[in-house]
Every structure is written in structure tokens, then in C-alpha cells.
Amino acid sequence: MANISFTIKYWKQNGPKDKGHFDTHEMKNIPDDTSFLEMLDILNEELISAGKEPFVFDHDCREGICGMCSLYINGTPHGKTERGATTCQLYMRKFKNGDTITVEPWRSAGFPVIKDCMVDRTAFDKIMQAGGYTTVRTGQPQDANAILIPKADADEAMDCASCIGCGACVAACKNGSAMLFVSSKVSQLALLPQGKVEAARRAKNMIAKMDELGFGNCTNTRACEAVCPKCETISNIARLNREFIKAKLAD
Amino acid sequence: MAKTIDSRIPEGPVAEKWTNYKAHQKLVNPKNKRKLDIIVVGTGLAGASAAASLGEMGFHVLNFCIQDSPRRAHSIAAQGGINAAKNYQNDGDSVYRLFYDTVKGGDYRAREANVYRLAEVSNSIIDQCVAQGVPFAREYGGMLANRSFGGAQVSRTFYAKGQTGQQLLLGAYSALSCQVNAGTVKLYTRYEMLDVVLIDGRARGIIARNLITGDIERFAAHAVVIGTGGYGNAYFLSTNAMGCNCSAAIACYRKGAYFANPSYVQIHPTCIPVHGDKQSKLTLMSESLRNDGRIWVPKKLEDAKALQAGTKKGSEIPEADRDYYLERRYPAFGNLVPRDVASRAAKERCDKGYGVNNTGLAVFLDFSEAIRDFGKDTIAARYGNLFDMYEEITDVSPYNEPMMIYPAIHYTMGGVWVDYELQTSIKGLFAIGECNFSDHGANRLGASALMQGLADGYFVLPYTIQNYLADQITVPRFSTSLPEFDKAEKDVKDRIARLMNIKGKSSVDSIHKKLGHIMWDYVGMGRTAEGLQKGIQMIKELRKEFYTDLFIPQLEGVNTELEKALRLEDFFLMGLLVAHDALTRNESCGGHFREEYQTEEGEAKRDDENYFYVGCWEYQGDDEKDPVLYKEPLVYEAIKVQTRNYKS
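Listed in order, the protein sequences are those of chains L and C. Under this note's numbering, the first sequence has 17 at position 17, and the numbering climbs by one with no breaks. Under this note's numbering, the second sequence has 337 at position 337, and the numbering climbs by one with no breaks.
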């Protein structure tokens, strides 16, 4: 374990209409087993003790599963480690003494800034509400083992279902597309017999909602899968396109 | 003055109570359901499943959460699995056995009738989730797979990799999204409930703060349901998410709802040990690891000293010099003893000087034998994501060196008191999930939290709340301009103004950390009467510091420091409740261990003669006044109360 010192350059913005600017702060002797968000806690302690306004960012579980943390670090969503990880799973040992670390919010038309690095991602909820479910009444289903599902299908559905809805894919995409997010949910349900009944309707409605909310389209740059903390792949997008075309042909 | 606490348990044998209840309860017809509003606070497993089910039944639901989306609720972080009595493994499981294991695991301090109902509906939960498209793990034949968890001798735990909570929550969130689309549920995200509004003694609405604009807003309904989780963050460091808080529960408590069994706090044995003082939270390593991992410390003190000094590695200690203390003490259950037992055993070894990290507060969880027996690939398939998470945090690979673990605050069995119908002592106010004092007695078994959250939300509350609402169908919708709302809003605004005007020097977190240290040191794993009394004094002293030295920036709109300050003010009250309950309960049971009450072998010593009750605490009108205890006697009809035995 060692301590490092560095400069942090962080984004301040007072609401969606404000132009916003960077503030900088010198961080001294930070233990390298500190997590990135704990480092920001220290920054806020220092700002508060200087009587300044704290830096606002979203975070919650701090173990990489809730999808709340959402920082653009040195030009990459979640600061990108070798294997997929969220901002909260990034540790200071990945940085060097004397570095300048730049922290920005997700920047995308679909995610307006609320304050500093806290953005509004309710668009994802709205896309889910358009069709990200099976319509099943509470308490009515048959026995869980009545429909056998091949292990390979269940495993693949699980991989698709791992998406945490953080929005890194949108933030990384030059078109601001939400296709990786939408396709992960559509794929999960399309792979399982329970989801097949509504597959066509789901693909059409979720894509229509995504378009309506101002997310861009996919041009296969693969920037999304490169930054996805849960390693979702663009083969999901190919599957979504197939489902969508099937649905349109059936119309 | 003694008050009678009526748990309203239905008549009949334990196995027939729920069926009888449902057959005779009052229902609300479809036309009337549309005229009734229900507020559900919280969108975790309990809140989301309740909101979705109530909306689908035709009620008009208002659903609140503090996060930006319902999908962020902390249920999402549950790793290991969910129990159900399906007996798919043909290993002798049954509803009765799940019921029995849960009551025994809870050290005979749970309510029998509630637990039986929980076991009874457990199977429907699995059916429901599969129909929603939850991708549970499966066998090659396409059937659902199971694994074992602590406190059970059958494999009844269903799982989705190490992300079972995530998948179940996303299932409930999907059902909720479907209802939002149908117009039956209205979502209020980034809203925090700060008070419950009572009209003529009944819960009729809430006051909530819009976390973006900072506005204090009023919402009215015919009934209020809170599913806002536990109070683990009173200890500052816990496995809970940063935002987890007990403010909604405390708001209800301040308005007269009893708080039950607050001293029953679960300390999870397998967490990554504390490193340094800048740490913000502790990370859990799933209990499922205890299926294949073996827990040990060195037999020789000199080895422990070498490990603490960093001159030796765990892998260098020969097999003969390792003390697999759980297997030694509990041959029948071995590494799969319940959480409270495993946590105390780890503390016992570390207190004796056998801890294995630089602070001496850690034990090994070792996979070398499992890797040798089953191969690295099999172990990676079972626990790969957990091993990766461990390496990400500690920079050590569990494939090469044993993991280091230590107990940490994880779950709270205590909570808002509810009767059989999940109604609190305030009419029209219900509590579900971890937020209520629940079905887990003094200790919760692994994979039972998800079961209880979904049981309450999908299968229990949607029935029982109708029994209350059936009498409310002629009550028109409430106006939020009634004087009761005026008063509640003014109280909340005064409270905020008081905190904003302290204008001291200490940040919320710096004070919260101090509270956490007091809680862990004096109200933690090993409690004594003397320590608890001292703890209570120290909490009160620290609270004075809070009221004189707190700093909150004067900001309009988003003010994260104010959010945390309001929650911390409630954690003070919560901490005192835990300490008072622990001080009154002169016995050891489950998660509550009083060092004065233990057997010669160091096992918990219960006192059924004097403490066979639910401790219900009543607020006395002022945070400065000590709470008053009432007792709900426990009545066991189906199970013989005995000493827990995991040895043979």
C-alpha cells in the first residue's frame, strides 16, 4: 500500500440550464486502497471544512450492482478497468502520483444534468414501462418447473439480464443511443419461453419509446460494449434488430 | 402501565390459519378499489411487489423512492438466493421443515403463525418470478437448480448467479413498470418521506421532500405502507447501501407506532474486513461461499502473529496447523452454521489473538481444497463474480490465497411492530419487508430476506390490506389542505430549519462515523449491561455535539448534506432504541449476545422463562425521553421450544 497525491478536476453545474465549469482541487496523500468514491468523500470533507459547497454525484450500493454511480473519468464512463466495473469498484491504485483526474457527468441528450455530476435517467424507466416485462398477474402462474428451459438459454438470458441500467452505454455513444440497454432487456425476455408471447410488441414499443425520448440510433461503433460494466455485448443489439424486423414484417 | 399487544393471529391449527384467514377476510369490490388510494413508500422487493400487485388489483397507488429509479433499491445487492419449500431436490424438504428451520434459526423468538405463512407462500414466489422471466440457474435437464445455505440440511435455495437480489428486484420492477404503464401506479422518484400524517388516529398521508427542488410536498391516501428497509446504517459501516436509512420507520415510531425487537441486529460472518478509516461501507461476500469454502485460523499463536505482521501468508501454513473451528465446534453443520453462530465464533478466535490480518480482526475462508477437488473452472463457475469482486477490492486473488473475512452489520431483524395483517399499531399504517420486525425472530437465515420481502409484497399485504380498506370504501379522497397536513408540514419545515441554523463546523459524515464507532464498540456483537449503559450515555453526548456543531451548506434545491443530516438525526434515536432493548433483554439469543449470558462453551444462553416475548417500544413524545417497553408474549403451539443445537 502507498499514498498518492494528484489533482482532481471536477464538473460543477447548477441545474440543466447552467453552462457549467470545472473546479480543481489538490488531493494529498490518499491511500491507494481507497475506492474512487471514498476519495470523493474525502474531497467533500475538505470542501465542507473549507465552508464550500460539496460536489454532487450519484452513488448508493458501492458494490457495483445498483447502477446509481455514473461518472465519466478521464474521458471514459466508469473510468474503465481491465474487466468490467462500475465507478464505485474503481480503486485509487489504478492512478499514479502526480496525475490529473478529470471527472464529468454522463453527457447525453437523454440524460439532462440535475446538478454537478448527478443526471436524470428517468428516460430508462420510461422505456421499461413501454414494454420491459411479461404481463403476468400476481399469484396465477403454474409450477416453476412446468416449462423446462435448456441451461444454455437460461444462462444466456442471465447474461443479458445482468444490465444494471447505469447508462454508460448511452454516455459512451456518439449518437447517444440506448440500444445496448434496450436490447439487453429484449434479449433476456426473448430467450425465455415466458417472454416469447409478447416479444414482438415489446421490441416495437421499447424502440418507439427510445426514439421518442431523443436517444440516437445505433451505427455499430461498439463504444457501448467497450465500457459496459457488466460486459453486455452488441450481439444483443443484433437480436433486438431481428426481433424488431420480425415484428414489423408481421404487421 | 401495561398495555395489551394484540397480534391478531387467526384461530385454528398453525397450518390452517392463513387459509382460514383468507376465506373469512373482508374484500373490496373492483369498483370500490378504484376509489381507494394507497401510498407505498419504498421500491425494494417488498415495496415494488406490493405496489405492482395492489395496482394490478385495481387500487390507485402512489409509490415513492429516494433513488432516481425504483430499480436501485438495496434489495438489488442481495447475492446468494431465495429459499422455498419446493423439494425439487427430493431431499426431504417441506413447508413444515422450512417453517421449523426458520423458527429454530431465529432462536425461537419469531411469531409462529407468521413464519408458517411465510413458508407456505414461499413456493408461489418462485412460480411468480419464473413467469416474470427471472433467469434462475438451471440444471442441464432444464429444471431449476438449488444450493445450500446456513441453518438448513436441505438444498432449497434458488439463485441467479451471485445476483439473485438483482434479478428478483428487476422482476418486481418490471411488474411495477407494467402497472405504471397501465396507469394504476404513479411513481415519485427522488422523493424522501419525512413524516406520516394521521387524521383521527389513522394514517392518511405523508409529507415528503422532493430531493431535486427541495420542496416539502403533501400526499394523501386511504392507507400508507412503508417498505423502507432496515437500520443497519446506524452503525455507519455496514453492508447496506449509502442511502439506506430508517427515517420512514422512525417517523412512524415518533407518531406512535411501536418499534419491535430493535436489539436483533444481524452481523454477517463473511464480509471483507475493515481497512483504514476512510472506508465508507463494507462489502459482503455471499454466504453461498460457505458451501465450498472452509473457515479457519492458525492453531498456533506464533503463526497468527506472523500473519498479522505480514511475514507469512495463509497458504504457507501447513494443514496440521490450521484450526477449522466451525467444523471442530459444530460437526453436524460445520461451515454452514447460522450467521449469528459463525460471527460469534470468528470474534471469539480473534479476541483470543488468532486473527489473521494486520488488525487481527479477520479469519480465513479457504477454497484451496475445493479447487483441488472440483477444479478451478468449477469453482470459477460457482463463485467467479464474487472472487473478482474480492480481488478488485483487496488486490488479492482468492484462487491463490485464502480470502480474509470478518463479521459486519448486514440486516436488522427488528423493525416496526406489525400484527398478523402487517398493520402497525397505527390504524391504516402497514410495514413490509425488512422494515417490519418480521418473521426472523432473533436471527435471519440466509436467503430468507428475499423470501420475506416478496412474500409480504406479492402474497400477504395485498390480501390483508383489503380487510382494512373494506371499511373505508365510503371515505372520500382526502384533501391535503386539512389542518393535520398543515401541522405536519410545518413540523417538518421547522425541523429542517433547526438543523440548517446550527451552522457549526462538523460534517454529517464525521459525526455519523463517531456514532458508528459507539454502536459497534458498545452495542455490537458482544454486549454487556455496563457497556450498553455507557453506550447510551455516549450516544446522548454525541447527539448534543450534533445539535451544536453540525454544518450543512445553505443551498436551495439539491442538498445532499441536508438529506444525510435528517437521516443521522433519526439514527441517533434508532441507536438508543437498539441499546435500550439490548439492555433490557437479559439473555442471549440470535443476533443479540450479552456476554453475561453464555454457557461454559460460549454458546448463547436464552432465558425463555423471562424473555419469551416481543419487545415493543413506545415513543414518549420527545427524542430526549427514554422509550417505554411493552411486551407481546410469544405463543408456540406447533413447535417445542428448545435449545438450538448445530453440533449433532
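Hints in this document: simulated from the structure, not taken from any laboratory. All values reported here derive from a predicted model rather than from experimental measurement. From the three backbone atoms N, C-alpha and C, an ideal C-beta is built for every residue, glycine too. Among the clues, some could well be false.
[Said to hold, decoys possible] Among the chain L residues that face chain C by a calculated CB cut under 7 Å, a handful are:
hint, residue
1, P31
2, P112
3, I114
4, P193
5, G195
6, V197
Results for each hint:
Taking 7 Å as the C-beta contact cut-off toward chain C, the hint placing L:P31 at the interface holds, the least distance being around 6 Å. Against a cut-off of 7 Å between C-beta atoms, the interface hint on L:P112 is violated, since the closest Cβ of chain C lies about 11 Å away. This hint holds: L:I114 has a C-beta 6 Å from the nearest C-beta of chain C, less than the 7 Å allowed. About 9 Å separates the beta-carbon of L:P193 from the nearest beta-carbon of chain C, more than 7 Å, and the hint is not met.
At about 5 Å, the closest approach between the beta carbon of L:G195 and any beta carbon in chain C falls short of 7 Å, and the interface hint on this residue holds. This hint is violated: L:V197 has a C-beta 11 Å from the nearest C-beta of chain C, more than the 7 Å allowed.
In this structure, the hints that do not hold are numbers 2, 4 and 6, in rising order.
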